[in-house]
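Novice: Residue strings, one per chain:
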Amino acid sequence: MLLLMLLLMPTLAHAQDQTQNQPQDQSDDAAIELLEALDVSSYADKGAAIEAIVTSDDSRAREWLQELLDGRLQRTDDGRFVVVLENRGRDWPVADALTGEALGEISRRNLERIGINNALRNQLRSAIAVVDLYSPDLERRRASAERLLGEVDADLAEPLVSVIEGEEDDQVRERLVQALAIHRIELGELDALSQLEGSLHPRVRVALNRAASGDDPVLADAARSALAGIEQQLKINRGLETLYFGLSLGSVLVLAAIGLAITFGVMGVINMAHGELIMLGAYTTWAMQQLLPGQPGLALILSIPAGFLVAALAGIAIERGVIQFLKGRPLETLLATFGVSLILQQLVRTVISPLNRTVVSPEWMSGSLHINDALSLTLNRMFVLGFALVVFAGLMLIMRRTRLGLEVRAVTQNRAMARSMGIRATRVDIMTFALGSGVAGLAGVALSQLTNVGPNLGQNYIIDSFMVVVFGGVGNLWGTLVAGLSLGVINQVLEPWAGAVLAKIIVLVFIILFIQKRPRGLFPQKGRAAEG
Amino acid sequence: MSFLGSLSERDRVFDFLMPAQSPVDVRHGPILYLEDVTVSFDGFKAINDLNLTIDDGELRCIIGPNGAGKTTMMDIITGKTRPDTGKVWFGSRHNLLAMNEPEIASLGIGRKFQKPTVFEALSVFENLELAMAADKRILPTLTARMVEPVRERIEEVLETIGLTELRHRPAGILSHGQKQWLEIGMLLMQRPRLLLVDEPVAGMTEQEMERTAELLTGLAGKQSVVVVEHDMGFVRSIARKVTVLHQGSVLAEGSMDQVSNDPRVVEVYLGAPDEEA
Amino acid sequence: QEEEDPIKVGILHSLTGTMAISESTLKDTVEMLIEQQNEAGGLLGRELEAVVVDPASNWPLFAERARELLAQEEVDVIFGNWTSVSRKAVLPVVEELNGLLFYPVQYEGEESSENVFYTGAAPNQQAIPAVNYLHEQVGVERWVLAGTDYVYPRTTNRILEAYLQEEFGVAEEDIMVNYTPFGHSDWQNIVAEIGRFGSEGKKTAVVSTINGDANVPFYRELANQGIDAADIPVVAFSVGEQELSGIDTAPLVGHLAAWNYFMSVDTDANYDFIDAWIEYTGDEESVTNDPMEAHYIGFNMWAEAVRKAGTTDVDAVKDAIIGVTVPNLTGGYAAMMPNHHITKPVLIGEVQDNGQFDVVWQTPSTVAGDAWSDFLPGSRDLISDWRAPMRCGNFNVETGSCGGSTAAEEAEAALAE
Amino acid sequence: MLTIDKLNQFYGESHTLWDLDLEVPAGQCTCVMGRNGVGKTTLMKAIMGEEPVSGGNIRYADDVELTRRRVEDRSRLGIGYVPQGRQIFPLLTVEENLRTGLAARSDGLRGIPPRIYELFPVLEEMKHRRGGDLSGGQQQQLAIGRALVIEPRLLILDEPGEGIQPNIVTLIGEVIRRLIAEDGLTVLLVEQKLPFARKYADRFVIMDRGRPVARGDIGELSDGLIKEHLTV
Amino acid sequence: MWLTRPFSERSTQLFLGVLIAAMTLVTFLHLALPESNPLYVNAYTVNLFGKYLSYALLAVAVDLVWGYLGILSLGHGAFFALGGYAMGMYLMRQIGDRGVYGHPELPDFMVFLNWDSLPWYWAGFDMAWFAFLMVLLAPGLLALVFGFLAFRSRVTGVYLSIITQALTFALMLAFFRNEMGFGGNNGLTDFRDILGFNLRSDSVRLGLFLATGVALGLGYLICRAIASSKLGRVCVATRDAEARTRFLGYRVERFQLFVFVVSAMLAGVAGALYVPQVGIINPSEFSPLFSIEIVLWVALGGRATLYGAVIGAILVNYAKTIFTGVMPEAWLFALGAMFVLVTVFLPKGVAGLLAYRRKNSTSSSTPGNTSNTKEVSA
Ligand SMILES: Nc1ncnc2c1ncn2[C@@H]1O[C@H](COP(=O)(O)OP(=O)(O)OP(=O)(O)O)[C@@H](O)[C@H]1O
Ligand SMILES: Nc1ncnc2c1ncn2[C@@H]1O[C@H](COP(=O)(O)OP(=O)(O)OP(=O)(O)O)[C@@H](O)[C@H]1O
Ligand SMILES: NC(N)=O
Ligand SMILES: [Mg+2]
Ligand SMILES: [Mg+2]
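Residue numbers (our numbering), protein chains in the order written: chain A, 1 to 532; chain B, 1 to 277; chain C, 1 to 417; chain D, 1 to 232; chain E, 1 to 378.
Take the hints with a grain of salt, since some may be wrong.
[To be verified] Lysine to aspartate or glutamate pairs mimicking EDC-like chemistry, simulated, CA-CA at most 16 angstroms apart:
| hint | chain 1 | residue 1 | chain 2 | residue 2 |
| --- | --- | --- | --- | --- |
| 1 | B | K222 | B | D42 |
| 2 | D | K227 | B | E210 |
| 3 | A | K235 | C | D313 |
| 4 | B | K45 | D | E125 |
| 5 | C | K203 | C | D231 |
| 6 | D | K227 | B | D55 |
| 7 | C | K202 | A | E151 |
| 8 | C | K202 | C | D174 |
| 9 | B | K115 | E | D240 |
| 10 | A | K327 | D | E95 |
| 11 | C | K202 | C | D231 |
| 12 | C | K203 | A | E112 |
| 13 | A | K526 | B | E58 |
| 14 | D | K127 | B | E58 |
| 15 | B | K241 | B | D42 |
| 16 | D | K127 | D | E95 |
| 17 | D | K6 | D | E65 |
| 18 | C | K8 | C | D313 |
By construction, these hints were calculated from the structure, which means they are not laboratory data. Quantities reported herein were computed from a predicted structural model and do not represent experimental measurements.
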């Protein structure tokens with residue numbers, strides 16, 4: 001590193017100039033030599049070759065480093081260096097590594113990748129980070145500053161001071177200051193400590209920990225007290241994090257269960273195929289992404305109505321094909337829909353594949369929302385949480401504000417009488433079942449962002465779904481919401497100290513005991529009516 | 001010594017083999033005694049400071065507007081509903097509030113529900129069999145046999161309630177009135193000390209009403225009977241003492257003539273006298 | 001007359017239920033191999049015929065189906081099973097009815113049956129080399145051993161714990177062990193925990209024995225919480241190309257897997273195999289993986305042994321197969337060892353964004369599978385050798401006697417006679 | 001209003017209604033009487049379509065053949081039904097119970113007609129209580145109110161006074177008369193209580209074992225007929 | 001005696017007659033015929049039948065609580081598995097020092113997981129009488145405690161169903177854990193002897209088949225005796241109107257508990273007979289889906305008939321055996337379709353079809369016969 005950084009400085013400035021001024025006309029021979037040096041089997045030699053590229057003043061250096069990092073820099077059988085543009089299938093489109101000229105498709109048999117390992121990956125990243133420190137692109141500078149935290153050494157420290165001075169972006173500057181401070185603490189400079197106080201970044205904590213157990217008693221003491229403050233902060237953040245984890249797990253449970261809260265809770269159909277309806281929603285998302293390659297976000301958004309529709313249609317088919325014949329025999333719906341669920345599962349295995357399908361997360365759902373250095377909220381789960389609440393609110397509206405809500409309850413409570421009152425029971429059945437199934441489809445769309453999309457998807461959620469609906473109190477949508485969220489939170493609170501398996505067992509035992517206390521769930525139907 | 005003595009009494013059954021009930025103590029008069037009973041549902045007071053005493057062997061009619069709390073009162077006596085406050089005693093020994101439904105039932109309190117409830121999947125005959133006074137613990141029930149006296153008793157009751165022909169049909173297919181009769185029959189099989197009868201003649205013809213009246217008056221004396229009914233003709237034909245409930249407490253009490261002339265009763269319940277048939 | 005009868009090859013892989021996801025491909029693989037063999041003229045001049053049954057991911061049903069294959073269908077050999085529990089269920093049946101079972105999946109070891117041939121990796125052919133790599137090449141000092149809560153991960157992790165402590169002197173607080181239920185889908189807490197565990201200054205790696213379906217949400221969570229392979233690499237023992245084909249791999253680049261075969265291996269034998277496979281399935285996207293290679297090797301070994309013995313008779317094949325050497329798909333050879341395990345190279349691969357692995361390291365030579373781990377106190381002294389005259393799957397070198405398996409007993413009895 | 005012709009009904013193998021003929025003249029109250037279990041309720045259910053019939057015709061309002069209509073359409077044709085045993089929706093509130101009647105109205109009305117609450121003030125008081133929590137008599141009032149919400153042309157009442165306090169029974173009788181007089185409503189009533197029937201019905205039909213055995217103006221209902229058909 | 005009372009019923013006579021005849025026939029075809037005979041029943045098939053019979057006993061146990069008590073237990077697999085584990089533990093101990101590590105006491109999985117000694121709850125399982133007692137007691141006690149809590153609190157309907165499901169799910173997760181000392185996911189396998197006889201011999205297989213048949217007969221008899229007693233009628237009454245039954249003076253929760261415990265014990269016996277025949281017990285028997293499947297057998301055969309449960313269990317499992325062999329990739333379609341079609345077209349299951357035919361044939365000879373209705377609905 002040492003040597004590298006030292007040599008780097010002039011080059012960097014140079015490279016900056018060059019990209020601005022002229023395209024490139026350096027001799028390709030030199031470039032080929034540089035790349036050729038990469039194409040060796042020893043990783044140590046590769047490391048040296050990377051260094052050589054960094055210190056070369058070739059303007060394409062950064063691109064090469066990036067391509068190498070991405071594994072796209074490859075060599076053809078006839079010794080030409082190319083960049084792979086797309087690496088799926090047996091034939092891949094490539095471009096010339098030196099000129100960028102497209103070379104058409106080449107069979108992957110005839111390509112050889114210039115492999116790197118994690119050590120080289122780290123080296124490449126650091127090198128790119130240092131280069132990017134001077135980049136005009138703010139995003140690159142930010143990433144670079146982030147990367148350098150804890151990586152600053154003596155050689156970088158000096159130029160860093162001037163970089164900090166010249167930096168306009170607060171965020172970048174703050175990070176660089178911290179990065180420098182960590183370095184200075186390592187050197188035993190007490191006054192750097194104040195720049196780190198209150199920072200929750202793990203690298204900072206590592207540095208402070210090291211200082212706290214260092215030889216300098218004054219510094220150690222100061223580091224310890226800084227750490228104490230940080231620990232306090234961390235605790236609070238961990239609490240918030242656990243809560244978030246719990247709510248997000250809960251929202252998954254709610255989503256999975258909420259359709260069942262309609263078909264089972266309100267209509268009284270023990271729909272064992274509910275999980276498979278969820279699965280259909282997830283597969284719809286997959287299919288949508290197949291139809292719109294390269295646009296995972298759009299596909300996902302379109303999947304929301306599509307998933308609803310597909311599952312709702314499947315629901316209608318189930319209702320018309322099976323459930324309508326089982327009026328007044330609710331327990332038997334268990335039997336028939338179990339059969340349906342077997343058929344649907346196998347159908348997916350036969351028609352699509354027994355293997356899982358890839359569903360891609362769109363850019364805007366990947367990664368996390370950075371609250372502070374100790375607390376980030378994963379975006380995909382945040383979307384799912386929000387989605388669950390929206391779906392819940394929508395359902396609530398339908399059940400409360402539309403005639404359908406009233407009619408479906410009337411029909412389930414006394415079918416004959418409801419019909420005598422002029423309620424078209426058959427239509428109500430179809431619409432309600434379609435609604436519940438459609439919501440299951442929505443759950444599937446959301447779950448495709450969290451878990452496997454495969455034939456077993458449904459089975460993994462069916463038991464939990466029934467558990468949530470019953471725990472909340474059958475027939476009560478609010479109950480389902482509260483039950484799902486609270487089971488999620490309980491689970492996540494228990495998990496850190498009990499472990500995942502035991503936490504699950506404890507939650508189940510808790511449900512059993514809770515039902516003893518409240519034999520009709522969280523929000524029971526009270527009064528004469530419920531006792532029948 | 002006395003323990004040994006007790007062992008030698010071969011005709012005596014051990015305590016733990018005896019049905020777990022002690023005789024009802026009615027030496028002090030009333031067989032049923034409700035004091036200051038209040039119950040409310042979500043803030044609505046269905047029973048409000050109710051006081052009521054039923055004497056042993058008495059036949060009491062209870063009337064009152066819809067929603068006055070008559071059925072709720074029976075729920076309290078039979079342990080179905082727990083009052084918020086108050087005391088309910090059976091005889092002077094049994095605090096009914098400390099017992100659950102089967103315990104209360106085995107003390108000898110029988111009930112006919114307002115909405116006839118019978119075991120729909122069981123035959124009429126079996127409905128009566130289950131209702132019969134017997135040792136209702138597990139093992140005796142498991143090993144119980146259909147003996148001749150029992151069968152005769154059931155046949156007798158079937159005769160009384162007019163369902164002899166339908167005795168092997170499932171109770172679920174009975175008409176409304178037939179179910180009413182079946183429930184009365186079940187009550188008869190139970191031979192309780194105290195019968196609580198909620199609207200026994202709803203849906204019956206005049207002549208059936210007369211039969212029911214005879215039946216109930218015949219029981220009175222040996223057993224205590226509490227009847228809730230809205231049919232004034234029927235009430236008049238059996239009533240000795242009538243209690244009028246209104247908004248959860250006693251509005252009036254006395255003979256039929258007394259209460260039916262009470263202007264408050266007329267206002268809230270009976271309506272203008274010329275309307276009464 | 002009898003010579004005209006086809007040779008029956010039983011295939012005992014779940015086509016339905018939770019394991020279909022992994023096993024159904026193996027059924028297709030064996031069918032493809034049979035087809036190829038028949039095109040090449042069959043075996044001993046006889047056709048091969050596949051007998052496929054579906055044990056439906058149900059363990060007792062595995063035993064029942066195995067019994068059906070052997071007793072009713074009278075197959076000459078069985079290729080089958082994935083999970084250890086299914087193998088354990090089938091084991092007494094194949095021993096009792098003297099069948100042949102080729103088991104193609106990496107497993108926890110601690111077993112050696114006269115009738116079973118383990119063509120997947122034993123722990124010393126996968127787990128141990130992988131941690132060696134991490135320790136020596138990557139400089140890992142802290143270890144997270146994360147697994148699904150069942151016997152294979154538990155055993156593997158036990159072995160690894162002992163190994164790490166004994167060989168590398170890793171302190172207890174530098175090892176974090178975590179188990180999750182099958183199909184676990186909520187990894188938030190655990191991943192956060194791993195993140196914290198790994199950001200205390202020492203280079204940390206996760207050794208994952210997480211099973212099948214739980215992996216997708218696990219890797220997704222890793223990516224979303226920003227745990228990067230360069231910071232905390234995850235080396236998996238149960239994630240292959242097939243599992244990756246259901247995951248969006250872009251965020252996973254750089255995570256590792258240890259296997260004895262990768263689809264990306266650059267040999268002609270492998271390319272031919274892949275082409276044949278794609279042709280057979282008719283799906284351009286279909287991938288190959290390690291257990292498929294294990295069946296490829298197992299099938300060829302069996303065929304070779306049958307040729308050698310000149311018969312499909314189980315006892316003859318059993319004797320003939322020890323020492324048989326066939327090419328594997330990674331450019332070397334696999335030999336059947338006397339303990340019924342085979343020799344395998346160990347490869348470490350990094351995940352690429354195209355769902356493939358790039359081999360970053362491999363053992364200089366092949367490693368022979370070890371039925372009994374050297375790092376478990378109970379099995380340290382055991383060896384297995386199914387050649388005459390020892391014919392024992394669990395010979396205790398300390399006591400000098402053969403342990404209790406029935407087969408061994410019978411062998412002893414036979415010798416005494 | 002309603003003409004029934006040769007109606008037969010079976011429960012499984014038991015023949016309940018035998019070749020039943022019945023005429024319900026428009027704008028009048030016809031009272032069906034008979035001992036327990038003779039098939040009165042079954043007849044009402046057959047008219048509503050709740051029990052399938054095997055043969056016979058039910059003609060409604062001169063031209064509509066009811067047996068060919070679905071149950072839900074019968075109420076939409078203007079038939080209100082107060083079944084025996086109340087059959088309220090126990091878990092719906094009183095108001096929701098009443099609102100179920102709106103489905104059958106053709107005018108798309110969205111609120112409960114105020115008249116219902118005027119008739120049965122207790123229903124307004126208990127508007128937000130669950131139907132199943134009401135006392136028996138309150139439920140009965142609710143059942144009648146609910147049938148009135150659809151503004152029927154033909155109202156079928158199966159023992160409507162059952163369990164209701166005397167002054168309200170009187171009130172119900174008055175209401176029936178008023179609706180007949182003011183709206184031209186037709187009422188088909190099942191009633192066992194002679195005083196009520198005598199007071200509010202125009203015509204009577206006595207049933208025995210699934211057949212009508214006597215009929216006429218209510219004034220013709222003699223003690224002899226009662227003795228013959230209504231006592232056991 | 002109350003237990004012999006069912007002998008006077010036609011259906012019981014018929015059932016026991018068929019059972020005994022089938023057992024005799026299988027024994028005869030297995031023992032007396034040469035292998036070459038097309039009618040010869042091989043050991044594999046005998047074993048298979050034995051397994052079906054143990055499933056049938058399990059189904060009978062479920063039908064007792066579901067059909068007569070109205071409790072839809074979605075957790076009976078737990079009792080079955082507990083009985084199975086009790087038997088499995090006995091069989092493990094029978095292996096003695098013949099395990100792969102040759103340890104005289106510890107089962108193999110404990111040796112290689114480093115256990116030093118048997119956990120306390122394994123004590124006594126080397127004795128057959130103790131183990132067999134535990135086959136009854138382990139599920140019985142669990143049912144007692146669980147049922148006591150649930151029935152006392154008047155948990156009913158789906159709430160009860162779901163907590164039974166939670167129970168078996170929790171047990172499944174617990175048994176998966178290696179720390180529990182039951183072999184984790186791999187469960188207990190590699191059994192050798194039972195009562196000193198070699199489990200891998202054909203005669204022992206036949207013996208187990210016959211023992212299962214006898215157990216099924218006895219179990220059926222017990223359930224039938226309960227169902228046809230007054231207690232059985234109280235159960236049906238409870239199913240229809242629980243509150244009303246209380247008002248008649250029956251302590252409903254005790255009746256429920258009694259029947260529930262009896263049923264759990266029967267399920268335990270079924271599990272105990274199942275394990276030596278299939279050779280493995282692992283936590284997947286605790287899987288909620290398995291418990292649901294049991295209910296499906298009962299529903300398919302015909303609820304509340306007992307013999308229907310037997311028919312259903314045998315039919316579904318036989319179908320599974322056939323389908324998974326004959327049409328391995330499509331058998332789920334067939335099984336699923338079977339569930340759907342039976343439910344839609346045979347509302348009372350296969351038994352309902354039988355009863356219907358019987359009724360039709362009798363009623364055509366004796367018109368107006370009404371006493372049959374009683375039997376059909378009971
Ligand atoms: N569980 C409950 N929840 C809410 N309100 C209740 C409940 N039980 C009873 N009530 C109310 O308490 C009042 C008394 O009811 P109760 O059934 O005792 O009346 P009743 O005197 O029997 O009337 P009726 O003559 O109509 O049968 C009624 O207004 C009823 O709505
Ligand atoms: N679902 C059913 N299945 C079989 N028989 C039935 C069914 N419902 C009623 N019955 C029988 O049909 C006959 C007529 O019953 P219905 O209810 O019409 O009598 P009802 O005249 O209304 O008597 P009530 O005055 O008691 O209300 C009765 O004998 C009854 O047992
Ligand atoms: N052998 C395994 N991976 O279960
Ligand atoms: Mg009342
Ligand atoms: Mg009637």
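Novice: Each hint should be assessed against the structure and marked as holding or not.
Specialist: Each hint, compared with the structure:
Proximity of B/K222 to B/D42 is assessed by CA-CA distance (about 40 angstroms); at most 16 angstroms being required, the pair is judged violated. Among the hinted pairs, D/K227 with B/E210 is consistent with the structure: their alpha-carbon atoms are about 13 angstroms apart, no more than 16 angstroms. Between the alpha carbons of A/K235 and C/D313 the distance comes to roughly 68 angstroms, so the proposed pair goes past 16 angstroms and is violated. This hinted pair checks out: B/K45 and D/E125 have alpha carbons roughly 14 angstroms apart, not beyond 16 angstroms.
Proposed proximity of C/K203 and C/D231 is supported: the alpha carbons are some 8 angstroms apart, at most 16 angstroms. Straight-line distance between C-alpha atoms of D/K227 and B/D55 comes to about 38 angstroms, which puts the hinted pair past the 16 angstroms bound. A C-alpha spacing of about 14 angstroms is found between C/K202 and A/E151, which places the hinted pair at or below 16 angstroms, so the restraint holds. At most 16 angstroms may separate the alpha-carbon atoms for a hinted pair to count; C/K202 and C/D174 meet this at roughly 9 angstroms.
Taken as a hint, the B/K115 and E/D240 pair is honoured in the structure, with Cα atoms around 15 angstroms apart against an allowance of 16 angstroms. Distance hint between A/K327 and D/E95 is unfulfilled; the C-alpha atoms sit about 27 angstroms from each other, more than 16 angstroms. About 10 angstroms separates the Cα atoms of C/K202 and C/D231, which keeps this hinted pair within 16 angstroms; it holds. Taken as a hint, the C/K203 and A/E112 pair is broken in the structure, with Cα atoms around 30 angstroms apart against an allowance of 16 angstroms.
With a C-alpha separation of about 35 angstroms, the suggested pair A/K526 and B/E58 falls outside the 16 angstroms cut-off, and the hint is violated. About 39 angstroms separates the Cα atoms of D/K127 and B/E58, which puts this hinted pair outside 16 angstroms; it is violated. Under the criterion of a C-alpha separation no larger than 16 angstroms, the hint pairing B/K241 with B/D42 is inconsistent with the structure, at around 33 angstroms. With a C-alpha separation of about 5 angstroms, the suggested pair D/K127 and D/E95 falls inside the 16 angstroms cut-off, and the hint holds.
Proximity of D/K6 to D/E65 is assessed by CA-CA distance (about 14 angstroms); at most 16 angstroms being required, the pair is judged to hold. For the hint pairing C/K8 with C/D313, the CA-to-CA distance comes to about 12 angstroms; that is within 16 angstroms, so the pair holds.
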